[in-house]
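Chains as they are written, first to last, in our numbering: chain A, 1 to 130; chain B, 131 to 260; chain C, 261 to 390; chain D, 391 to 520.
There's no promise every hint is true.
Claimed, not checked - A few chain D positions that, by computed beta-carbon distances, are all more than 10 Å from chain C:
hint : residue
1    : Ile-396
2    : Ile-397
3    : Glu-466
Stated by the list, open to error - With a cut-off of at most 20 Å between alpha-carbon atoms, the simulated DMTMM-like pairs for lysine to aspartate or glutamate come out as follows:
hint : chain 1 : residue 1 : chain 2 : residue 2
4    : D       : Lys-395   : A       : Asp-34
5    : B       : Lys-228   : A       : Asp-58
6    : C       : Lys-297   : B       : Glu-197
7    : B       : Lys-167   : C       : Glu-327
8    : B       : Lys-176   : C       : Glu-327
9    : D       : Lys-436   : B       : Glu-239
10   : A       : Lys-77    : B       : Glu-239
11   : C       : Lys-265   : B       : Glu-197
12   : D       : Lys-427   : D       : Asp-458
13   : A       : Lys-37    : D       : Asp-424
14   : A       : Lys-46    : C       : Glu-327
15   : A       : Lys-81    : B       : Glu-239
16   : C       : Lys-306   : A       : Glu-109
17   : B       : Lys-256   : B       : Glu-197
18   : A       : Lys-126   : A       : Asp-58
19   : B       : Lys-135   : C       : Glu-369
20   : C       : Lys-358   : C       : Asp-318
21   : D       : Lys-436   : A       : Glu-76
22   : C       : Lys-358   : D       : Asp-448
23   : B       : Lys-163   : C       : Glu-369
24   : A       : Lys-46    : D       : Glu-457
25   : A       : Lys-33    : D       : Glu-457
26   : A       : Lys-37    : D       : Glu-457
27   : A       : Lys-5     : D       : Glu-499
28   : B       : Lys-211   : A       : Glu-67
29   : D       : Lys-488   : C       : Asp-318
30   : D       : Lys-471   : C       : Asp-318
31   : D       : Lys-427   : A       : Glu-67
32   : B       : Lys-167   : C       : Asp-328
These are computed hints drawn from the structure, not numbers from a lab. Model, not experiment: these values are computed from the prediction. Positions of the beta carbon are idealized from the N, C-alpha and C atoms, including for glycine.
Protein chains: 4
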Amino acid sequence: MLLTKIIPRVSETDGAGHINNTVMPVWFEAGRKDIFKLLTPDLCFKRWRVALVNMNLDYVAQTRFQEDVLVKTWIEKIGNKSFVVYEELHQGDRLCAKGTATYVYFNYESQSAETIPEAARVGLSKHLKI
Amino acid sequence: MLLTKIIPRVSETDGAGHINNTVMPVWFEAGRKDIFKLLTPDLCFKRWRVALVNMNLDYVAQTRFQEDVLVKTWIEKIGNKSFVVYEELHQGDRLCAKGTATYVYFNYESQSAETIPEAARVGLSKHLKI
Amino acid sequence: MLLTKIIPRVSETDGAGHINNTVMPVWFEAGRKDIFKLLTPDLCFKRWRVALVNMNLDYVAQTRFQEDVLVKTWIEKIGNKSFVVYEELHQGDRLCAKGTATYVYFNYESQSAETIPEAARVGLSKHLKI
Amino acid sequence: MLLTKIIPRVSETDGAGHINNTVMPVWFEAGRKDIFKLLTPDLCFKRWRVALVNMNLDYVAQTRFQEDVLVKTWIEKIGNKSFVVYEELHQGDRLCAKGTATYVYFNYESQSAETIPEAARVGLSKHLKI
């Protein structure tokens, strides 16, 4: 499991007084930075290899500006050309949101999905949720 | 159906060269402004009445910075205390993303879900996807 | 003068109830899209030619979520390798913010400032604030 | 001086390949969270007491996605009803951006500027840049 600590920003709140729901995808993507590094070790966009195909998010409880956030990130499933990330957003002992992100291993030059290379597969499998 | 025209912004692109995937929830929420108005006619946050409980998004094709976007918004289902929005993002004749957002009619003061009032229900039903 | 109409989004508000101050740079950048087109006609990032060197913004009045916004954009000054944009944000007859953005005509490949080409200079000069 | 470590997010990059210039105001605001706490100790928006009146930012060098960021925050000046924050954005030994933010101590209920209370003044003065 990957752990990412996040300090909520004023700009991430909204008029209803809590963290706006469009911020969770931003924080969850932030929690995947080490996953991106497994697929593109130098994090260079010219060699970027992932394309998101689905995001599914449950908003379980309101996320507060005043409290630090912990994003937990697992790999739920590794396919041939795709993989699924499972992630949770916690504030203290409250689970605020959870969801999945499905990525395709994607070659932007040839514009096609490719088989996940063995080294990346091994790296991903270390974060598998059992 | 509600139509919202959106002009992509530089700040909404990312290093991979297209619109970042965290922007689609922002644009789709923008497309719901008239829905929010049905539930809170003066759009005042003190009387805000919706809380998002689920968001499910399919990324169908890359969204380009160079082309204007059309967000199409329907109501898919109206329950007793909740409703589901269905939405699509188009660039020209390309469908780039589609998804649903499930909202609860929520009273922030009492922190509880409430029955959708009749007037709002009538308003929502005008945008039902048949 | 360039005019850009903007509809405020829920995600652009903050807990204090108005549009968050980090959003004005986003909207002002949105108001410069036709300026960017003068310098990079196909808006392709591989041929991107501007780099921001200074932004100076006065927040004159609170910007409300409930009201549509008009961004007005002028060219204030054209130098040899740089130019200054002057911009204003209006809601109805209220001026909410104003400021300048100073750009260098920049070649990202050679990582150096270059002389603004004549065609772009002519284009920019059509929006000069007199 | 306050120090805030920031890990750049994919969503904060833009098509030109670096961190988009609209992100610096977001990160600088993030660096002021402890300043806001001095003025509104429980960080509750109902008691929010600051309103931004000017932001001035110099972009000194390109900010890269691949490298962690350090935001340094000082108080530059404390007036009767206002104060100025000075801030810098560093990546390794590169200064990438610097600027000021001028805030008024503001009562949102009465919609008027007020004298900064003594306790807040003492707190602010501990971060004065000498």
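Problem set entry | Structure versus earlier hints - violations, ascending order | Hints 10, 12, 13, 14, 15, 17, 18, 19, 21, 23, 27, 28 contradicted; others consistent.
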